[in-house]
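Chemist: Sequence:
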Amino acid sequence: MNTTLKEIIGDEYAVLAIKYFISGFYYGMALLSLLLQFLLWKILHTKKLLFNLLLFISILICFISKDLYTLNNGYTLDLTSRFLISWNMTTTLILLILLPFPFLNYTRRLKFYKISILILGALLITELLTNILLVPNSTTVIYHSLITIVAIFSIFLFYLLYHKYNHNWHALFILGCVLTTSFLMSYFLSNQTIDFMIKWPIVRLFSLPLIIINAIMLFQQIQKLYNRKNSFKKASYQYLYFVRDYHKRLIQFQKEHHQFSEVNQSEKINIEYFLKNTFNLTEREIEVLNLIWEGNTNQQIADSLYISLNTAKYHIRNIYEKLNINSRNQAYIIEKEIINNANT
Numbered sequence: 001m002n003t004t005l006k007e008i009i010g011d012e013y014a015v016l017a018i019k020y021f022i023s024g025f026y027y028g029m030a031l032l033s034l035l036l037q038f039l040l041w042k043i044l045h046t047k048k049l050l051f052n053l054l055l056f057i058s059i060l061i062c063f064i065s066k067d068l069y070t071l072n073n074g075y076t077l078d079l080t081s082r083f084l085i086s087w088n089m090t091t092t093l094i095l096l097i098l099l100p101f102p103f104l105n106y107t108r109r110l111k112f113y114k115i116s117i118l119i120l121g122a123l124l125i126t127e128l129l130t131n132i133l134l135v136p137n138s139t140t141v142i143y144h145s146l147i148t149i150v151a152i153f154s155i156f157l158f159y160l161l162y163h164k165y166n167h168n169w170h171a172l173f174i175l176g177c178v179l180t181t182s183f184l185m186s187y188f189l190s191n192q193t194i195d196f197m198i199k200w201p202i203v204r205l206f207s208l209p210l211i212i213i214n215a216i217m218l219f220q221q222i223q224k225l226y227n228r229k230n231s232f233k234k235a236s237y238q239y240l241y242f243v244r245d246y247h248k249r250l251i252q253f254q255k256e257h258h259q260f261s262e263v264n265q266s267e268k269i270n271i272e273y274f275l276k277n278t279f280n281l282t283e284r285e286i287e288v289l290n291l292i293w294e295g296n297t298n299q300q301i302a303d304s305l306y307i308s309l310n311t312a313k314y315h316i317r318n319i320y321e322k323l324n325i326n327s328r329n330q331a332y333i334i335e336k337e338i339i340n341n342a343n344t
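Heads up: the sequence shown begins at 1 in the UniProt record's numbering, then just goes up one per residue.
Note that these hints are calculated values from the structure, not bench results. Don't be surprised by glycine CBs; every beta carbon is placed ideally from N, CA and C. All the pointers check out, no bait thrown in.
List of simulated lysine to aspartate or glutamate pairs, EDC-like, C-alpha gap at most 16 Å:
1. Lys313 with Glu287
2. Lys313 with Asp303
3. Lys322 with Glu335
4. Lys276 with Glu321
5. Lys322 with Glu272
6. Lys322 with Glu285
7. Lys276 with Glu335
8. Lys336 with Glu272
9. Lys313 with Glu285
10. Lys322 with Glu287
11. Lys336 with Glu294
12. Lys276 with Glu287
13. Lys322 with Glu283
Ranges of calculated distance between the beta carbons of each label pair, as one might list FRET restraints:
14. Tyr159 with Lys229: 37 to 43 Å
15. Phe112 with Lys224: 14 to 20 Å
16. His167 with Leu134: 29 to 35 Å
Could you put together the complete structure from these sequences and hints?
Modeler: Written out as structure tokens, the structure is:
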């Protein structure tokens, strides 16, 4: 024989068990979403995520306050209960509209921002007209005036935001939307609706999809950041390995070049010493001979040594006499012979 939960614990306790289960599940998901959003805000440090985080915290605080207020005062239908329920419903709706905003690229974010601003602006204008058409009595005149002032100020912010974005204006505009809608909802909601929402966790069920979707989006965003960080880390290591390898190659090249320069300098000193002692060439004649071996013309030799062309020819003629040669080709042959003798 099958027995149901109601038969075991009774109708009243079965209803309480379901309500407490929904409330517990809501608080668990809300805390998880809050933790993920806090982690993402700590990573990115964007004001938009911080504002969404504060709205989430306000929803959670309102739920806790309503539960504590109901626990102490029972299921009352006063203004406090109405406002707490209206605040949660309004904030949840606006968060649902704003939820994708921080995760879009710049082009889509701008388009989404314009659409969301237009929707909320139209909602505010409708609420202001509705509030103006209502005839306040002696007990609601302050309430009525407060809604009018907040709505007009929010519409002014809407006009500013539509032409130029400012984060502080945007935050005040969203706050004005939430306040105006919450006040009007608490003013219009019937006692039966408020009583039904208090006795059953309707608002929590209404908020749960938003919290679950938000938690999934936050988790995916954190996963994307983690993958991006790993890709950047991999690219950084590859770059560091490249720099290290390049540095090693540069040091090796400098060592080889230094050794080669030392060898060339040593050979040059030996050749100059040989020319001085064997052919009795002067320092200037050795400079001219080196330029001849490099293939320079008489004019180029004169320009390189900052001497006249006649002086260059004079040195060349002395070199030919001392080396006992008649042409440059013979000078090249002597160069090869000297180098070969120096290497042996």
